[in-house]
Structure formats: structure tokens, C-alpha cells
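Next come the chains, spelled out residue by residue.
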Amino acid sequence: MIRVKAKAFIYLLFILILLPSCSGEKDDFVTIEYWTHEDDSRKVLEERLIESFEKENPGVSVIRTEYGSAELVDMISASFGADDGPDLFNLPSEEISALLLNDKLDPVDAASLGYDSIESLKDAYIQSSFSTVTKDGLIYGIPLEYTIWCLYVNRTLLSNHGFNPDNPPATWEELMEIAEKLTIRKDGILECRGFDFRYPYYLSFFVPMVRQLGGDIFAPDGSVIYNDDAWERALSFMYEWGPSGRNLGSPTYANARELFNSEGIAMCLSGLYQESRLLSQNPEFYASGDWMVAPFPVFSDSVSDEAASPYFHYFMVNSASDEKTKVEAWKLAGYFAAHAEEYLDEIGLIMPLKRITDSDLLHSKPYSDVFINDEKRSHEVYSGPHASELQSLIGEAVESVMLYSVPPEKAVQALRASAEELLK
Amino acid sequence: MGQKSYSIERKQAKWGLIFTIPCLIFFAVFSFYPIINALITSLTNRRAIARTSEFVGLENYIYIFTKDNGGFPLSNSIRATLIFTIGTFIPMIIASLIIATFLMQLRKDKYRGFFQLMYYTPAVLSSVVAASIWMIIFDPRGLMNQISNFVMHTSGVDYNWLVDSTMLQISTMMIYFWKYIGYFVILFITGLAAIPNTIYEAATVDGSSRWHTFWKITLPLLKPTTAMVSIMAMLQCLKTFSTQYMLHQGGSSRFPIDVITMNIYFTGIRNGRLGRASAMSIVLFLIMLVFTYIQLRLTRSSEDVEY
Chain A
1 MIRVKAKAFI
11 YLLFILILLP
21 SCSGEKDDFV
31 TIEYWTHEDD
41 SRKVLEERLI
51 ESFEKENPGV
61 SVIRTEYGSA
71 ELVDMISASF
81 GADDGPDLFN
91 LPSEEISALL
101 LNDKLDPVDA
111 ASLGYDSIES
121 LKDAYIQSSF
131 STVTKDGLIY
141 GIPLEYTIWC
151 LYVNRTLLSN
161 HGFNPDNPPA
171 TWEELMEIAE
181 KLTIRKDGIL
191 ECRGFDFRYP
201 YYLSFFVPMV
211 RQLGGDIFAP
221 DGSVIYNDDA
231 WERALSFMYE
241 WGPSGRNLGS
251 PTYANARELF
261 NSEGIAMCLS
271 GLYQESRLLS
281 QNPEFYASGD
291 WMVAPFPVFS
301 DSVSDEAASP
311 YFHYFMVNSA
321 SDEKTKVEAW
331 KLAGYFAAHA
341 EEYLDEIGLI
351 MPLKRITDSD
361 LLHSKPYSDV
371 FINDEKRSHE
381 VYSGPHASEL
391 QSLIGEAVES
401 VMLYSVPPEK
411 AVQALRASAE
421 ELLK
Chain B
1 MGQKSYSIER
11 KQAKWGLIFT
21 IPCLIFFAVF
31 SFYPIINALI
41 TSLTNRRAIA
51 RTSEFVGLEN
61 YIYIFTKDNG
71 GFPLSNSIRA
81 TLIFTIGTFI
91 PMIIASLIIA
101 TFLMQLRKDK
111 YRGFFQLMYY
121 TPAVLSSVVA
131 ASIWMIIFDP
141 RGLMNQISNF
151 VMHTSGVDYN
161 WLVDSTMLQI
171 STMMIYFWKY
181 IGYFVILFIT
191 GLAAIPNTIY
201 EAATVDGSSR
211 WHTFWKITLP
221 LLKPTTAMVS
231 IMAMLQCLKT
241 FSTQYMLHQG
251 GSSRFPIDVI
261 TMNIYFTGIR
271 NGRLGRASAM
281 SIVLFLIMLV
291 FTYIQLRLTR
301 SSEDVEY
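Protein chains in written order, with our numbering: chain A, 1 to 424; chain B, 1 to 307.
Errors might be hidden in some of the hints.
Stated by the list, open to error - Calculated cross-link-like contacts (lysine-lysine; reagent style DSSO-like; alpha-carbon spacing at most 27 Å): (1) A/Lys122 <-> A/Lys324; (2) A/Lys354 <-> A/Lys376; (3) A/Lys410 <-> B/Lys67; (4) A/Lys354 <-> A/Lys43; (5) A/Lys424 <-> A/Lys122; (6) A/Lys424 <-> B/Lys67.
To be verified - Which stretches of chain A does chain B cover? Using the computed rule of at least three CB atoms under 8 Å from a CB of chain B, they are: (7) 383-393; (8) 411-420.
Just so you know, the hints here were simulated from the structure itself, not pulled from any lab data. None of the values given here were measured: they were computed from a predicted structure. Where a beta carbon is used, it is the ideal one built from N, C-alpha and C, also for glycine.
Input sequences plus hints: build the corresponding full structure.
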């Protein structure tokens, strides 16, 4: 009796295991796994686009999965390490080199994207759109967004403290002075800040500050951490800024970009997309016109007029996905790009297509000229080998100075030693 | 007769084996295989994304013990892990024993149940939620600064809970302590409940005070539980990851709280150096093995306890 039951149990198990593979799904049905970073506004738009894409392509279904920005980078790294990455995904410029150098990306399929050739694809986008994702003459991604940060200013908070809102801070020194006066402390404890940086994206805002002082990540001879004096000065500024100095801000405090929308901070760094978020989160403040966007500040004795470093997010396709899925994944990326106007209009994301950058829609966005002008005085974010690790090391140097008072010269020495070790 | 009992024993042993097999398979697949795999990987220069791998002998071990590892040396991680473990598991064992004893003194079961639930609730919260709650508490305007200023008779002092390297380490200990103490309280309560009441009744008849009873009866009879709880707590502390990771994600500096598991994560996942990360995991495994052995030796006599 027991034997019969055991046999029946084994048969049942066998049937259950086999059942999904006999579910009658057609062989030509394609499921695209699409991983992206969290963005509530983009989620609404992309879910709508995916729905219409699926209707237009009945044999295709899309599973869209969101992760936090840092988590997405880790998930991509872990999944590709296990040869099990998503079919379509996006990453920022500084996180791409390892995938590109190790042939994990599929070369762009111009036809699936709706172009006659790679040349016509390149021609549709602004120059430099593909430099990060180009290897051996082939292109491995198309831009989802192109972002540069400028200084968002709450004009009311500035004028309330006796500053002329029409003259927002143009130098870091002015910004520190204004931020100091706008900072509110209750019994000595920080209640409200005037401005704070966008930690931990040090390649985007801190490296340009170093460049303003004549330094850079790489020297012309290829050595790493160029011009100690510039790095030390930039780090000294961050020390002054941090809790061990004047305590005007810290990586551990609440995100300035989000506080700005609720009028909880006077200034922050952000991209054009901040305007759409401001509109959706605080429409009254948006409509009041009591805010503005100013150029990225420079040091008063800058040797180079340098804005924040713009970065791309790229749509990329997994080279290990099967051919049919790759084609459909590129089609989906192309479908998103075909709706670039909606990305700009609804969520403020600029796909660097010439038809977008030249459009009235972009120029009609408040302060878009500030972003366009800043882009002209900027260098794209470093996206070469080990960009992500270099960003972590620079972050550790900045945070060691800001949070536990390591002297800037020691922090620079440690940074160089670690960077040299990394790049060996 | 003898043959029959032998056959019953065999039958029972057979069923015992059948019921144990899933556990053995589970252990083999999810514990034994990863350990062996990590050991083999630690002898290679395997990279995550490239998926390339070459045998390099002990190179990874030499590297992690002699080099900087991109600014985050293993020596710092061992320091951070040991400080965290010592600072967390000893107070946690003492506090959970005291709380469990207190709860056992409560006469009404409903009160005991209520307090057990209260203490255990943080253990079921996800680390993300726990870290978010504590980041609000540790905020300059948060509860912790208010309490600290009240206790220290200061005014408006920011104790930099998430900023200063020492305070940051204390913060991780506090979060962990809060999150897991309930779990160990439950284990101690189970141990205390297993001590027969008759022993306490005999002690009361003999005129023993509560204090005396605790030291001379409860504590010695609780030795097996204490040994088990302390080993579990220590191992759990040595493996700590999510608390430190969440605080680092929240903006705190990595270096002071870069415990071994976090270094393994960043080396293996972020930097893609699986060989090095595996060597670190083997080092962590050996540390855990040595500490467990020492603790087992110290609590060896606990096996003698009989009720």
C-alpha cells in the first residue's frame, strides 16, 4: 500500500514538474526582461508605452522591474556574473565599462531601432552620444537620458534672508556664505540647510570642482590623481562644508534634491527633470515662479570655467539573450526613443536626439537655456575603465575629510595609492 | 524476540534516514557546496562579469593580508567585525538573559506574551525598514540627540551618530541589539521553561532567596542554553551585513563599519573580484570556526547538566 502511494506521489511530482513546459505557449512568443532604476514619473510613462508596444507586437510581453539606483548596479553586476542578466536594461555612463569590455553587450541593431544604418542612427543623436558605449567601431547602447546638473534656487528663501534673488551665487565661496546664513540651527543642532551636494555622485559634481582648480583624475601622462594642490583645495572646501567644519551639510543628511521640492532647502543641484518633479510634487511652488535655475558655481580663482559633468543613461541589450529576444528588446528601446517627446514633456528627461535638443519643446521648458549653456562649458563624466570604483574611492576621500577630519593632503595620498592599486 | 526488536530498530533508522535526507541535501547544496566552491574560487583570479578564471594559488590570500584592497584592507574589516561582535553579542547575551528571567517572573501569561511579542517584533522587520527607522532616530534633530543631551546634561550638542567614526560603530551596535534581542530572549525563555519547577520548589522549601536561586540553580541549569545562544549570537554578529550596508547606503562612511561581509560584497559584487572576495569569505569562515571551537571548549561542562 505504502509502495503504491509512494509511486502515486512520484508520478504526481513528475506531472507537476512537466506541467509548465506543456502549457501550450507558442515557441515564437518572446518575453523581454527589462530592468531599470526607480523613477515614479517614468514608471507611469513606460508602463503606458509598454502596454501599447505589447498591443502592437502581440507575440511579445515585457516584464519591467525597478530597482533603486545603487541596487540596480549591484543586481546587474551579480546577474551578469551568473550569466543570467536581463534582456534590456539601463545604466549610467560610469557603470558601463566592465560590461562593455567583457563583451556582455549586444551591438546596436539599427534596423530594429527603426534606422536604415548605424550612420543614420548616429546622425539622429547629438555628437558624443555614443562615445561611452562604443568599442571597436561598434555601438552597444542608445541613450535613455542626457543630464547635466545646475543650481536650483528658492528665490523666496534667498530674499527672506536679505539676498538678491536675481543674483544667485556664482562662486562656491558665495554659495558657502549664503548657505551659512540660510542654515538654521536650534540649540546648536542643524534644523535646515541652505544648500547641499549630491552625494555620492562625486564624478558628476566633485571632479568638476577639482578641474576648476586645475586638477583632474588623470594627468596628461596617464598617471592618476593629477595636481595634488587642486585636489587638496577642493577637499578643504568639502571639509569646511561638512560636520567637522562649518556643518552646512553632510552625506548623512536628507537628500537636498527632494527637500527642495517641499521648500525645505534653499538650493540644490539637479537636472532638468527636477522641474517636472517639482510640478507634480508642489504645483503651487512651481506655479509661483519663486524658484530659478542658475549655472553650476565655480571657485572665485578657478583656472577653468567648468560646469557639472553631464552623464548619459543608456539602454543596453544582453549579448547572451537569444536572437529573437535581442531583436525585440532593441525594438522596445527604439519604441521608447520614438516617444522621446513624451519623456521630455511628462518627466523632463532629455533623450539626446537632435530633434529633441533642437525642439521648441525643450526650449520652452523654464531655464532650459541655463542647462544648454552649462553643457557647453562641461566635460562628460568619466566613464572609462573602473569608473565606478574610482567614484567610490573619490567618495571615500571626500567623506573621510568631511566626516572624520582626515587632513586633505593625507586623503589625497590615500586616494592616489588606492587608485593606482585599482588601475594596476 | 531479539531479532524482532532489531528489525524495528532498523525500520525506525530507515525512516529516520528518510526524514533526514532532505536536510542533508539542503545542507550539501546550500552550505557544503558553497564552502567548497568558495575555497576553490579563492585559489583563482575569477572575475564576476568577465567570468574568466585562472589558478593563482595563494595569491589572493597574500593580497588581502598585505595590500590595501583599493582603500579597504581586510585588516580594517577584521577590526570592524571584532569590535562590532564584542560590542554587540556580550551585552546582547546579558540583556536577553535578564529580560527572559524578568518575563518568566511575570505571573500572568498574557503579560508575558505581550512582552515577548514586543521584544520579538523588531526581529521580523526587514533591515531596510529597521535602518530607515534608526536613521530618523539618529538624525541631528532626532530622538537620540535629545536623549543624549538630556542624559549628558548638555544643550544643543549634535553627537554625530551617523558621522563620527566611533559613534557610527556604536550606532550599528544599537540597531543590531534592538533588532535581534527579542530572538535571543525567546531562546532563553525556552531554556528557562525547561527547568523543572520542582527544583525551584525544593530551593524555596530550603529557604533559598530569589537572588541565590538565580545564581545557584537557574544559571548553572541554563548553561546548555547559554552556550547555544552565545554561539548563535556570536556567529550572527560575525556575519552582520545589512545594518552596516544600509547605513552606508544612507550616506555614512564605509571605512569605520566595513565589516568583513561588507568588504566581501563590495570586492565581489561591486568590483567583480570574486577570487579575492572568496578568499575573504574563507578567512571569515576560519574566524567563525576558531571562535566557535573556543566557545565550545569554554562551555564544555554544560553537557553535564541534568535535570
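Hints the structure fails to honour
Going through the list in order, the structure violates hint 5 alone and respects the others.
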